[in-house]
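Chemist: Working from the sequences, and respecting the hints, build out all of it.
The residues making up each chain are set out below.
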Amino acid sequence: MARPRRRDLLAYLVGAGVAGTLLIGPYGLRVAVIEVIPGAAAVQPPFFLLPILWGLWNLLWTRRQPAMSVGRWGALLGVLAGVVVNLLFVAEGGWFRAAMLLPLFLAVVYYLIWRVVIGPLNEALGVDGERTAV
Amino acid sequence: MRTLGLIRAATPPPVRDLWPRLRARLGDDERVHLRLPAFGWREASAIAVALGTLAVVPDPLRFLVACGLL
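Protein chains in written order, with numbering that gives the first Met the number 0: chain C, 0 to 133; chain A, 0 to 69.
Hints were generated in silico from the structure; no laboratory data involved. Honestly, I wouldn't trust all of these hints.
[Stated by the list, open to error] To give an idea of the chain A side of the interface with chain C (calculated C-beta under 10 Å), a few residues: (1) I6; (2) E42; (3) A49.
Quick caveat, the model's predicted, so the values are computed rather than measured. Where a beta carbon is used, it is the ideal one built from N, C-alpha and C, also for glycine.
Modeler: As structure tokens, this is what we get:
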């Protein structure tokens, strides 16, 4: 039976846990927003995959130990997610002009969350190992 | 009765209150020390860009839905 390293498992759980907590927005407010703006329902990004994506990204952070801060690592994920969501909208035929700003917007939002929440949690739980700078 | 009294006197009564024992086991090592980063110009710039983006887009709510944040 596979025995994952404790740090890897913690890294995944920190990322998945924070992203899962953020899902209160889509699950709690989306219905109300769609009531106000019927057109908003036309775009449906797979937000429910965020915990898996964030968990794996934080696991990758632990494994690779890239030469950048955890905030920038999160911003990189935001850029990638923004590009992928744009491609998804194009494929579904639901693309709109403002979606071009998604990579920039997600980069700064993810930067803040990863720097203020994920980084300190990683450090406090020993996910970062000997690295202390966040 | 005298024997029973001797046995009772020989063994200490069980500890009913478990909290002191639990606290002693946990100790300070089990506490997590969260060190939040200082709020600097990078964070202020990121917040400004995020808010500015929401101000620029024609339909902020739809934009947030597209982000997966709503």
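Chemist: Against each hint, give a clear statement of whether it holds in the structure.
Modeler: Hint check:
no., hint, result
1, I6, "47 Å, violated"
2, E42, "6 Å, holds"
3, A49, "5 Å, holds"
Hint 1 from the earlier list is the only one contradicted by this structure; the remaining hints agree with it.
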